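**Q** Chains as they are written, first to last, in the working numbering: chain A, 1 to 304; chain B, 1 to 278; chain C, 1 to 428.
No wet-lab data here; the hints were simulated from the structure.
Some clues are possibly wrong.
[Unchecked claim] Taking beta-carbon pairs under 8 angstroms as the criterion, some of the chain A residues facing chain C (in silico):
{"#": "1", "residue": "I35"}
{"#": "2", "residue": "P66"}
{"#": "3", "residue": "A68"}
{"#": "4", "residue": "A86"}
{"#": "5", "residue": "L95"}
{"#": "6", "residue": "F117"}
{"#": "7", "residue": "S142"}
{"#": "8", "residue": "D143"}
{"#": "9", "residue": "V243"}
{"#": "10", "residue": "F266"}
{"#": "11", "residue": "Y270"}
{"#": "12", "residue": "F271"}
The structure presented is a predicted model; accordingly, all values stated were derived computationally and were not measured.
Idealized CB from N, CA, C, for every residue including glycine.
The primary structure of each chain is shown beneath.
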Amino acid sequence: MAYALQQLINGVTLGMIYGLIAVGYTMVYGIIGMINFAHGDIFMVGAFLSLIAIVGLGMLGITSVPLALIVTLLFAAGIAALYGWAVERIAYRPLRGSFRLAPLISAIGMSIVLQNFVQVSQGARVKPMPQMIPGGVTLLSSDGFAVQLSWMQIAIVITTLILLAAFTWLVTRTPLGRSMRACEQDLKMAGLLGIDTDRTISLTFVIGAALAAVAGLMFLLYYGVIDFFIGFIAGVKAFTAAVLGGIGSLPGAVLGGLAIGLIETFWSAYFSVQYKDVAAFSILVLVLIFMPTGLLGRADIEKV
Amino acid sequence: MDAVTTDAPLLAVRDLTMRFGGLTAVDMLSFEAHAGDITAVIGPNGAGKTTVFNCITGFYRPTSGGLNLTQAGGRFALERMPGHRIARHAKVARTFQNIRLFAGMTVLENLLVAQHNTLMPDVARGLLAVFGLGGYRAHERAAVELARFWLDAIDLTARADDAAGALPYGAQRRLEIARAMCTGPVLLCLDEPAAGLNPRESDELSALLLRIRDGGCSILLIEHDMGVVMRISDHIVVLDHGKKISDGTAEQVRNDPNVIAAYLGEGDEDETPAEVAQ
Amino acid sequence: MSRGATALPAILRDAGLSALVAFGLFAVMIGLKTDAGPTSLVLTPRPWAVVLAVAAVFFGRLAMLLWRLWRPAGVPAPRRITAGFARAGRYIAPVVLAVALTLPLYAGRYWLDLGILVLTYVMLGWGLNIVVGLAGLLDLGYVAFYAVGAYSYALLAQDLGLGFWTCLPLAGILAACWGVMLGFPVLRLRGDYLAIVTLAFGEIIRVVILNWTTLTGGPNGISGIPRPTLFGLTFSAGGGPGSFADFFGIEPNLTQRVAFLYYVILGLALLTNWVSLRLRRLPLGRAWEALREDEIACRSLGINVTITKLTAFAMGAMFGGFAGAFFATRQAFISPESFTFIESAMVLAIVVLGGLGSQLGVAMAALIMIGGSEMFRELAEYRMLIFGLALVMMMVLRPRGLVSGRTPSVSLGERHEIAPDLVAQGRG
Chain A
1 MAYALQQLIN
11 GVTLGMIYGL
21 IAVGYTMVYG
31 IIGMINFAHG
41 DIFMVGAFLS
51 LIAIVGLGML
61 GITSVPLALI
71 VTLLFAAGIA
81 ALYGWAVERI
91 AYRPLRGSFR
101 LAPLISAIGM
111 SIVLQNFVQV
121 SQGARVKPMP
131 QMIPGGVTLL
141 SSDGFAVQLS
151 WMQIAIVITT
161 LILLAAFTWL
171 VTRTPLGRSM
181 RACEQDLKMA
191 GLLGIDTDRT
201 ISLTFVIGAA
211 LAAVAGLMFL
221 LYYGVIDFFI
231 GFIAGVKAFT
241 AAVLGGIGSL
251 PGAVLGGLAI
261 GLIETFWSAY
271 FSVQYKDVAA
281 FSILVLVLIF
291 MPTGLLGRAD
301 IEKV
Chain B
1 MDAVTTDAPL
11 LAVRDLTMRF
21 GGLTAVDMLS
31 FEAHAGDITA
41 VIGPNGAGKT
51 TVFNCITGFY
61 RPTSGGLNLT
71 QAGGRFALER
81 MPGHRIARHA
91 KVARTFQNIR
101 LFAGMTVLEN
111 LLVAQHNTLM
121 PDVARGLLAV
131 FGLGGYRAHE
141 RAAVELARFW
151 LDAIDLTARA
161 DDAAGALPYG
171 AQRRLEIARA
181 MCTGPVLLCL
191 DEPAAGLNPR
201 ESDELSALLL
211 RIRDGGCSIL
221 LIEHDMGVVM
231 RISDHIVVLD
241 HGKKISDGTA
251 EQVRNDPNVI
261 AAYLGEGDED
271 ETPAEVAQ
Chain C
1 MSRGATALPA
11 ILRDAGLSAL
21 VAFGLFAVMI
31 GLKTDAGPTS
41 LVLTPRPWAV
51 VLAVAAVFFG
61 RLAMLLWRLW
71 RPAGVPAPRR
81 ITAGFARAGR
91 YIAPVVLAVA
101 LTLPLYAGRY
111 WLDLGILVLT
121 YVMLGWGLNI
131 VVGLAGLLDL
141 GYVAFYAVGA
151 YSYALLAQDL
161 GLGFWTCLPL
171 AGILAACWGV
181 MLGFPVLRLR
191 GDYLAIVTLA
201 FGEIIRVVIL
211 NWTTLTGGPN
221 GISGIPRPTL
231 FGLTFSAGGG
241 PGSFADFFGI
251 EPNLTQRVAF
261 LYYVILGLAL
271 LTNWVSLRLR
281 RLPLGRAWEA
291 LREDEIACRS
301 LGINVTITKL
311 TAFAMGAMFG
321 GFAGAFFATR
331 QAFISPESFT
341 FIESAMVLAI
351 VVLGGLGSQL
361 GVAMAALIMI
371 GGSEMFRELA
381 EYRMLIFGLA
391 LVMMMVLRPR
401 GLVSGRTPSV
411 SLGERHEIAP
421 DLVAQGRG
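I would like the entire structure built from these sequences, with the hints used as guidance.
**A** Below, the structure is given as structure tokens:
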């Protein structure tokens, strides 16, 4: 029982990270209907930017952990946002309105570029980082097993919830959010009605990249080790989360992220660590077969 | 498949109901279409006409009710069959309100795809044809001949090798009908075939439909162009809000007060059948 | 030139802005390198690398804008290329084929190895072209079937002692069975869902291979996979009785084996091509293309959409399996590392760059991409970076691929090319 509770806590933490990345996938897919394959690599770039910032701040002698983390978060999110903007501008905008597969290949190309760019500029070695937020509380202990809730996990969950709340507010309450929703409904019509669609799409990429960078920071803090390849698997899983939740739906992305995080954690804990990815993907396949539009996706009636 | 009774109507719609969530698009609808007739289904926009078509051709599964098709090959309960089986075995072909041609394929290819099941009865024989086995060549010659026949009928022989998507609108409408006919149907369902046609094209369409009917294929027709409907229909069914409000010959329907009320009461731009009659 | 004079300041400003963005992107990532320090990571500043990278972006952008300004007027370049390809296609194909057939006569070991590599990708491209180009089904996990083929041959040869020519059809059939098994539940999913599910399947198969150590050797892979024979004649380097060199009484050398492998893959690739071309003219292939154009219309014509999709999926998988078996016999060693997503992406990129559905285009794209990336081998770690950039650039310049028109499969009169913007890409 205690063991299961511990897995639940770990799973939710991991799910939050996946959820944050999934939001970027789902928003981009909702608006321009493409799989932004490079999004996972933006997450990886965010993790590296965070690493550089933390190491740099440490060398500058800033010892206050909360201050360092807030500066790192803003810094990584800001520069990753620039990466998101640049990727859209270079690889996707020229292909807008083009046929379906070109942006996908272009995105795969961008993913390769980002991975190898980081590999070349930061080296192929795994980057370790010491624990920044140690400690936690013991919730309960039974059968000689203590359920730990670390400060780190609390920080990750709270940050994610704040960001998601802010983002939901942005989408539902602001003019930018309204443009985004209009573009999602009908890009062409939104353009005809005077919405600057290019700007809206750019901002969508920028926001998605910033969120992914925060997820990168969390990943770095949580696992304490990153390399240039983490973006691929995390990206595929986050996309899986987005599809699982119903692509285009924000709450769906978070729910899907949680589902993937929990499945993965419980599977690793009770069955086998090696096959945890297989478990996550198998659930995806099953959900899509029996619920083809995901958990919270709109059912689309086939118009004949 | 039950035993065939000769006096059964070609298509018998019994208490057909189709709901989408809370919306009832078709409500306890019953009507019959007889072999050798052109049966028109008319009604204001949103009356549920296309939904009826989609139920008949297997694109929607009706919420309740029966759709019985009786032809020489037997009796088919269409409400329980998937779309491709309806087209293949019950021999019901259809066209679409917003034309659905294979735009990137040529006119001729469109007509050959329609003969898929004659050319390739099963996958094994389809694969044997790779090695030139299974008597494929003769079949293909016959298929091209049938395509040629329909190309002549719709006056598109000269454009047989052009992409279907490059044809003018009226020609695309005709091609879609020809493509449906290439499946060898006993019942052809046409969803607004005259939409967007000019008067001359409408006349040609009427002639084509009469020719198809006289060739032995019955027609079920959704149409807003009352000129076409009144001229060629043997039997008219009028729908409003998913219910049948009138059923009979052109003359009977035209003078039915329910029909006049439905059209005028809606206040939309459709001409009333009565106006056309004058 | 007055046109240039007025636009020049704007161009400089644009290039300057690009450089500014580049500075924002590179200042941290390139400028501060994380290195292992005595106790923890330390940062090593590299200002010159940033200056270099920013300068490269500035001048690159400048050159691009100037080219756009002074490019010869008239027909935009891409269309000229397409038209050229279309006209020349008739002549290019036989020439390429002739060169391919005679290559071992005058090319050395290095070129033959490169030829084998390119032909493997040509074959994979043609196989995937059936699925993506003809049937319009987006498959991001094609490498799964390649892996199934490779492991089928390796295991059948190792555990049952079967020879290459017995295993080849078996590997293809097994891969096709996997295609049907995986395809059956997922082929009714629309567009991008299908893409992500196929990607997931690709990963699942790789993870299973990686972890099922007792069967597959796990990360260590399988080595000592037997080489193919020519009607029982072996190609061992030492010659000896029963070898090719011994039978024909010639000096044994390694190039004979390489040349033999080259002809095997050439034959397999040509078989793929022949079957695809043939199927395209038959009802099955025509139904695939119709499916790509409009699935709903297909259903209304009585075509069983599921079966038709499955045959395309299985056919593509089968050729992937053949290619996999060949890969195993050529390398004599396989491990899960050869079957990562990047392989699927590479093959898909070849198909899209070649022009969906175009056999010649796919072959050219494989030659350009695989050959080109081999040319950059000395650049070591920069190679994939350049490869990625090239992929993006090629897509931006030619989103429809090299050969984008569609040739009708049948005609009454003269056959003419169908404009690419009429041809659909499929939603599945």
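**Q** With reference to the structure, classify each hint as holding or not holding.
**A** Going down the list of hints, with the structure as the test:
The closest approach between the C-beta of I35/A and any C-beta of chain C is roughly 6 angstroms, which is under the 8 angstroms cut-off, so the hint is satisfied. With 8 angstroms as the threshold, the beta carbon of P66/A stays out of range of chain C, its nearest partner Cβ sitting at about 20 angstroms, so the hint is violated. Violation of the interface hint for A68/A is found here, the shortest Cβ-Cβ separation to chain C being roughly 14 angstroms, above the 8 angstroms cut-off. Given the 8 angstroms rule on beta carbons, the hint for A86/A holds: about 6 angstroms separates it from the nearest Cβ of chain C.
This hint holds: L95/A has a C-beta 6 angstroms from the nearest C-beta of chain C, less than the 8 angstroms allowed. Taken as an interface hint, F117/A checks out: its beta carbon lies about 6 angstroms from the nearest beta carbon of chain C, inside 8 angstroms. With a cut of 8 angstroms, the hint placing S142/A at the interface with chain C is violated, because the nearest CB-to-CB distance is about 33 angstroms. Below 8 angstroms, beta-carbon pairs count as interface contacts, and D143/A has none with chain C, the closest being about 30 angstroms; its hint is therefore violated.
Interface restraint check: V243/A against chain C, minimum CB-CB distance 6 angstroms, threshold 8 angstroms, status holds. Here the hint on F266/A is broken, as its CB sits about 18 angstroms from the closest CB of chain C, past 8 angstroms. Among the interface hints, the one on Y270/A is violated; its C-beta lies about 17 angstroms from the nearest C-beta in chain C, farther than the 8 angstroms criterion. A cut of 8 angstroms between beta carbons decides the hint on F271/A: the least distance to chain C is about 12 angstroms, and the hint is violated.
Checked against the numbered hints above, the structure violates hints 2, 3, 7, 8, 10, 11 and 12; every other hint is satisfied.
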